Structures are given as C-alpha cells and as structure tokens.
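If you read the protein sequences in the order shown, they are chains H, S, C and Y. So for the first sequence, this note's numbering puts the first residue at 730; every next one is plus one. So for the second sequence, this note's numbering puts the first residue at 730; every next one is plus one. So for the third sequence, this note's numbering puts the first residue at 730; every next one is plus one. So for the fourth sequence, this note's numbering puts the first residue at 730; every next one is plus one.
To spell it out: a stretch of chain Y is covered by chain H in this simulated footprint if at least three of its residues, at any positions, have a beta carbon under 8 Å from a beta carbon of chain H; those stretches are:
{"id": "1", "stretch": "755 to 765"}
{"id": "2", "stretch": "793 to 801"}
{"id": "3", "stretch": "843 to 851"}
Bear in mind the hints are in silico, worked out from the structure with no lab data behind them. Here the structure is a predicted model, which means the values were calculated and not measured. The beta carbon of each residue, even a glycine, is placed where N, CA and C say it ideally should be.
Protein chains: 4
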Amino acid sequence: MGPVGARVWVVPGGHIPFPTSGPEPEFSGFDQLCVLNATDDRADVRVHVYYTDAEPVGPYLIPVAARRVRHVRVNDLVDPEAVRLDRPYGLVLRSPVPVVVQFLRQDTRLPGVVALTGTMAHPEPAAPDVGG
Amino acid sequence: MGPVGARVWVVPGGHIPFPTSGPEPEFSGFDQLCVLNATDDRADVRVHVYYTDAEPVGPYLIPVAARRVRHVRVNDLVDPEAVRLDRPYGLVLRSPVPVVVQFLRQDTRLPGVVALTGTMAHPEPAAPDVGG
Amino acid sequence: MGPVGARVWVVPGGHIPFPTSGPEPEFSGFDQLCVLNATDDRADVRVHVYYTDAEPVGPYLIPVAARRVRHVRVNDLVDPEAVRLDRPYGLVLRSPVPVVVQFLRQDTRLPGVVALTGTMAHPEPAAPDVGG
Amino acid sequence: MGPVGARVWVVPGGHIPFPTSGPEPEFSGFDQLCVLNATDDRADVRVHVYYTDAEPVGPYLIPVAARRVRHVRVNDLVDPEAVRLDRPYGLVLRSPVPVVVQFLRQDTRLPGVVALTGTMAHPEPAAPDVGG
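Please take these sequences and the hints and turn them into a complete structure.
Structure, rendered in structure tokens:
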C-alpha cells in the first residue's frame, strides 16, 4: 500500500513543564513524541535537540520496530545528555524509513489541574534520503 | 467542485484516558476520530490500530455516508477486538474516496477537570488508490 | 509577495460545547473559525455545514476584508439557519482568494473550568478556482 | 542534509488572553511563537500583525540565530507598537531562510486554571524567496 509518512519531522515548541504535581507517572508533566512506523522495516529514529543558547545536542536514538507505535517522553531522553527541564527547545527527527510524528504536552504544574496541548509535527515532504 | 481531502490519514498519538470521572457519556474520557466525507459516495473507512508490542489489529470499519460527518470514539471500536484503554496506540485510516480526519482527546481522569487536545490527522498526499 | 494560503479549508471535528458556564461572552463555550485574508481583495468566504444525519446546510457567508483577520463563533452562524448546539458537525470553507483558517474550541461546561483545543484547518492544496 | 521548513508561516487565530492570574511569568496568559532555525544562517524573521478593523502593523523583527530555537511571547512584541491584549489578530511570518513555526496559547484568566492550546503554523510551500 506504499509508505506512509515522511523521513524528517520538526517540533519547534518544546518545553518540559516544571515542576510537576500529582502521582507519577500518569500525572507528571511531560512533552511526548509519538512515532508511528507503518513500514515493514525497523526505524532507528535519530533526534537532535535545539536550544536557545547552545549548539544542538544529539543524536538521541528512538528505535521503532516495524509495524509499531512508540510514545517517548522527552524527559526520558538522556543519552548523550538529559534534555533539560523548564527550558525552551526544539526537535528535528530523522528516520531511515517514512514515519509519522505527533507531539503532546501534559502540564500539571498546578495541583489538581491537567492541561493538554499537542499537534502533528511538521513533515518535511521533499527531504532527501537520510543515512545513519 | 472536486474532491476534498485525502484517502489515507495517520494518527500516531492515541491513548484512551483511563480512568474517567463525571457523568457518562458527556464527561467520560475518550479519543475520538472525526471524519468528514464531502463526496457523493459512501466512504467505508477502514482503520488499523498499531500498538507498542503487538501486530496491528484491523480493519475496523467506519462507514461514513455521502455528504456526512461522523464522530467515532475509539473506545467504541470493538470489532475485531476492543481497542485497549490506557495503552499507547496509533491509527492508519484508509478510505476509498477522499475524506478529512481530525483527532480529539477528552481527558477527565481528575474529578472536576476537563482537558482537551486535538490535531488534524496527517494526510498522505501521494497515496495511491486503495481498494477494499 | 504572492498569495498566502488556500481557497478551500476543512474542519471535520465541530461540536459546540453545551451547556456553558461563566460570564458571557468571554467564558461561554464556543467553536470558532479564525480566517486571515492577507490579500488585497475582499474574501467572501462561503461555509457549508455537514451533519451526521441530514444534508449539508449553507452557504453561510463570512466576509473578510482585504488585509484583515476575522474570528467568528460558529454559534453565531444563523443564516440560513442556526448551527445546532451539542451536535457533531463538520465545515467546508471556500474562498475566492487564498486565506488561512484555524479552528478553536473553548469548553466551559464545568463551572470554573476552561478547556481549549484547536488546530489549523485542513487546506486543499490542489483546489481549482471557486466562484461565488 | 538540506533545508528544513518554509519561509512563510501563517497563524490566523491570535488572541492574547486577558486578564491573567497567578505568578508571573510562568502562569501569565500568553500567545507564543516558537521558531526553529536548523540552518547555518541567522534568520531575521519579520512578522506582520493583522487586525479586524485596522491595517496590518509591522514588521516586527524576531532574530533567530543559526541552529537555534526561539520562543517569543506575542505580548513582548512592542516595536513598532505593542500587540494589543484581548483582541483578535493574525500573524504572517517571513524568513530569509527556511524555519519551522509553532503557535501556543496559555490561558490563565480563571484563578487556579491553566488551559493550553496550540498548533503548527500554516506553512506556505510555494513561497518565493523573500528579502529583507
């Protein structure tokens, strides 16, 4: 049925909410990447994190098996270094096979309050093949 | 006036909120698919659900009559099997005619709190014709 | 600098929240269309409303002057007939000149709670010229 | 790896929430632009603000260094004049190099309530080169 998605995705509006309230992990604050790999090949997605006042950091590796979805909290991206809390950042994701990427934030800084926001990431339609 | 939309749509960020609070059905937690079929033909939309640790399940069938909209809670997709609560999933929708798909989540896990988030699904512009 | 936007936009996920709480009009529940017309020509945007169980209704007329933005609550679309509350609907907007359309919902069904969600509408890139 | 993004981005649904509650600046109400510049060139992004009943105002200048992200509250755009609170507006951003733009609103008009909504801005894919 042909590939679904794109090989490059961008999220400019990252900012992990801090502090957090409520029981972990369901009500902790987070930014999340949701990656769907509908292909029959494993997608080793490589992520670079862009900051306001420092050079980009990466690649972070998010492996997504063939025909699988993976939801990763940005808070859990720790190698090569933890993405910092309460600081603006942006993300560029590159995959060897087409995938689709959605972004979600859960904000629980106020006790007893859950705020959600999200958007499809921006796909780069004309992206050339990207290697490892 | 020509067809409106695309034949393939993708939602990577599914996760039905659980548990739920407040009176049913208005304040139950849900993920929802909103499909608009502006064509003069019935759209038998076929949905596959992708998981983190199991093969995709489907097709689920969502019939949308000509010139109609249909809003379906993912919680109500039960054939061939119920989409599981509180578990990451993604969706690929395929329609024989162009449609437009929007995704909405209502989260009422905390009593007295309503959180909403949503996004247009990702359209696959170059998708070839898909049959039943 | 060339036209900005598209001539056809689609919103499948309409549903005006009902009932509403809090002081009007700031805290009433609403679905809203936000139309930006960056051209030097007036845009008489024509809207058709799609329902679950009835034929589409329209056109509703939303005039947007040259170089202006207009935010219209769907609750206020009353000619040819009021868009019904608490009922699923979808929208197709057609403009004689390129515009950009964003969708916003404010849900205040629970007293003391404000929930927001929104998305860019879906643009129809290949739409042919549409007349009045 | 090739440029990422587009040179023109549009946000029709601006409206800075007013009044605001809670401690500044974390819980003030705001509309925010999040710009990612993954290129090796500085992006002097120029913004025009469109209103309901007045000519567009601008350009506002948002410089984004090479390989950096920048999150700017619309409340802080004051030159050539402050963007007015509690009033509908739209935005057109133009960059000399490809960037990606996301829009976020934080609404804290009700004490103890945080509502978030956002969306990727609308990219203008066929935009010609724009100069300063």
